[in-house]
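This is what each chain is made of:
2 protein chains.
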Amino acid sequence: MMNIAVAQSGGPTCAINASLVGVFKESLKEPKIDAIFGSVNGIEGIIQDHLIDLKTLILTNDDMELLRQTPSTVLGSCRYKLPDWQEDDSVYKKITATLKQRQIGAFFYIGGNDSMDTVNKLAGYFKEIDLDVKVIGIPKTIDNDLCITDHTPGFGSAAKYVAASMREIVRDSSVYSIPSVTIVEIMGRHAGWLTASSSVLHGLGETAPHLIYVPERKFSLDDFFKDVRQEMAKHKAVIVAVSEGIEVPEGVQSGVVDNFGHKYLSGIGKYLEEAVRNEIGCKVRSIELNVMQRCSSHICSKTDIDESEAIGAEGVRRALAGETGKVMVFRRVNDMPYTVVIETAVASEIANNEKFLPDSYISHFGNNMTEEALKYFLPLIQGELNIIMEKGLPKHFTIQESLLK
Amino acid sequence: MMNIAVAQSGGPTCAINASLVGVFKESLKEPKIDAIFGSVNGIEGIIQDHLIDLKTLILTNDDMELLRQTPSTVLGSCRYKLPDWQEDDSVYKKITATLKQRQIGAFFYIGGNDSMDTVNKLAGYFKEIDLDVKVIGIPKTIDNDLCITDHTPGFGSAAKYVAASMREIVRDSSVYSIPSVTIVEIMGRHAGWLTASSSVLHGLGETAPHLIYVPERKFSLDDFFKDVRQEMAKHKAVIVAVSEGIEVPEGVQSGVVDNFGHKYLSGIGKYLEEAVRNEIGCKVRSIELNVMQRCSSHICSKTDIDESEAIGAEGVRRALAGETGKVMVFRRVNDMPYTVVIETAVASEIANNEKFLPDSYISHFGNNMTEEALKYFLPLIQGELNIIMEKGLPKHFTIQESLLK
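Quick mapping for you: the protein sequence lines, in order, are chains A and B.
Residue numbering for the first sequence follows numbering that gives the first Met the number 0, beginning at 0 and increasing consecutively.
Residue numbering for the second sequence follows numbering that gives the first Met the number 0, beginning at 0 and increasing consecutively.
Careful: at least some of the hints might be erroneous.
One copy or two, either will do: identical chains are not told apart, so a pair holds if it fits within one copy or between any two.
Only pairs whose alpha carbons sit at most 25 Å apart, straight line, appear in this in silico PhoX-like list of lysine-lysine [said to hold, decoys possible]:
#, residue 1, residue 2
1, K233, K354
2, K235, K92
3, K99, K354
4, K301, K394
5, K126, K301
6, K233, K404
7, K390, K301
Since the hints were made in silico from the structure, they are not lab data.
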């Protein structure tokens, strides 16, 4: 018999709790596993021995259904980067102490790039000190920028929200008889996956978005004006999708820095709005989809949520089969009918790498997406959950604040 | 036999097309009514004789279902204020010419405040020239600021989107262990209805939004800082709902300048974010819900959509019964069970007036809402449509662009 621990880390998505359900449900089934601990605020909970017995919180199938439709991380999150244990192993000793004391034989870390780095380092350290604790990473990020995996849990739901909102914005933009430009700013600091995914509208007979700009291509304000003018000649209401991370010559990012030392990237939409107003002089507005992109579970993708649960469950099976230092990944077998298989990859090959849009997804002039991109994105947004409602609003699963303190 | 015409005007909402369905469906049933004309771009379509025979476009019950879930105005919109006919009747003559030529006996105008002014003026003019064309206004606005009516079609869906998104933002905000403030900017230039409606979360066991600021109360930056500090002592993640229209002493539109030297246009959220960062120094972010508030049909309120259809249908019955110069209104009979009746009001009493939040809805310190507000708002966001999907996204009803030109 052994216990296991699971933690959630990084920026919220709609699917992180679904992966938690996957780990939890599979562990419940497994006779070798006794307690299932949830670590509060990612790896910090392990360091500080702040664990919650999940069996006392998640009691019924209804609870699990609610968790599947609850955005963000029910166990809290962190942005904690482990030092190299060769240089400083003090925090590793704390982690080891908790794991030993709690008799934890496997640790599942649901998170993004930094978390996969943690998986890699922990597995290496445990091997070095000969501690038999399996470490498995379960990816998540709306940015979809992890290597090896076909796509990341959480991305499909974000893409579905972006596309649904974009389609509604198209309707909203087309009502007046005067020409207009609407600029929609979409998340993605280095990779343009989410912005690019708005091209799914083209598969539904929409001409919008008429222009799509991603960080993978050099952005030129002159070309942008030319593009906008060209589209204005064809369409009354021009819709532009733009990644927050495209680089503008003047550098929107130059000034403000947030509390984590990250530079402020929100602002490219407003910047381009001003630019169009000054240069073209037409009616123009910008819309920032903001955090709603990562937390709008009410319109999540069932494909995404089901896959996110499945990849968590498979992680448990892999750990029990003896794998460690691995990250769970999707391999796409087919676009139509869409089929994926779940496999593992070596964590060191995923951690600290980024995956960018392939050239073949971006149109010749770098201002739109290709048919090939459409084939990739469309399956990821399919299906809807039967959202459980409460007094007119989607119900969420939450944990008493006092338990998380 | 007679023909009728219907037009849509003002800013988009999720429910304007549902009211169109109400007018259309009721007119179909009515043996006295022959052609049902849709006027393109509001009253402009009548002025320019740009009408579409709706029976050639809306063919099936499925089309009507799609229209009910399609945001914005399928017939286009306008922002056109009629002059007083006593001063300048040239445009009235054009309108009269179209109505006579097309044998239109009743005109239904779905719109906001300005449109109700149009209803009032047209009815007055037709009386003066002794033209038997009934004019009926069907209200719509997400601002909920029309007098006499208990609430306006379109408001409930906007409130449901705001509340659902707010709840998701609450989850998104609570993941990290460090204290934070999240400021959500909500539409409403003069009246705080939509911002106030976010208080429905309190009826679902959420402590957020912890602070709610509406234009009906004088805003003081000093009091705001005091409020935020007080809430930070109680909650790790403080959520603030603020109307775009609150007045700040410094004037958001005059003072704040971004990194490029541009003045912030939309910006009370960003302004307060900066203010909190400078004064309190904690992690802080602002979110503008933007046009998604008025076009997110994918999470519309069934109560709102059904009522919007019903009020359109009742408008037709009232016109046939001989009423004119009237605006359709809701009178709430009961909160629980929620019951409304549809009546008419004299257009002149609604046009050019605004309705503000009652004092009794706003808490003593002017920074939150009362139980009474909750009772008012909660029924309006109830129920969901079975949204018809297409390749993973809500399907919309659209009219060929060439017909709208």
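Results for each hint:
Proximity of K233 and K354 under a CA criterion of 25 Å is satisfied in neither setting, with 34 Å inside one chain copy and 41 Å between copies. In this homomeric assembly, K235 and K92 never come within 25 Å of each other (Cα to Cα): the closest approach is 63 Å inside a single copy and 29 Å across copies. Taking the closest pair of Cα atoms, K99 and K354 never come within 25 Å of each other, the shortest separation being 36 Å inside a single copy and 65 Å across copies. In this homomeric assembly, K301 and K394 come within 25 Å of each other (Cα to Cα) both inside a single copy, at 17 Å, and across copies, at 17 Å.
Proximity of K126 and K301 under a CA criterion of 25 Å is satisfied in neither setting, with 38 Å inside one chain copy and 57 Å between copies. With identical chains, the CA atoms of K233 and K404 are at most 25 Å apart between copies only, with a shortest distance of 13 Å across copies and 57 Å within one. With identical chains, the CA atoms of K390 and K301 are at most 25 Å apart both within one copy (23 Å) and between copies (13 Å).
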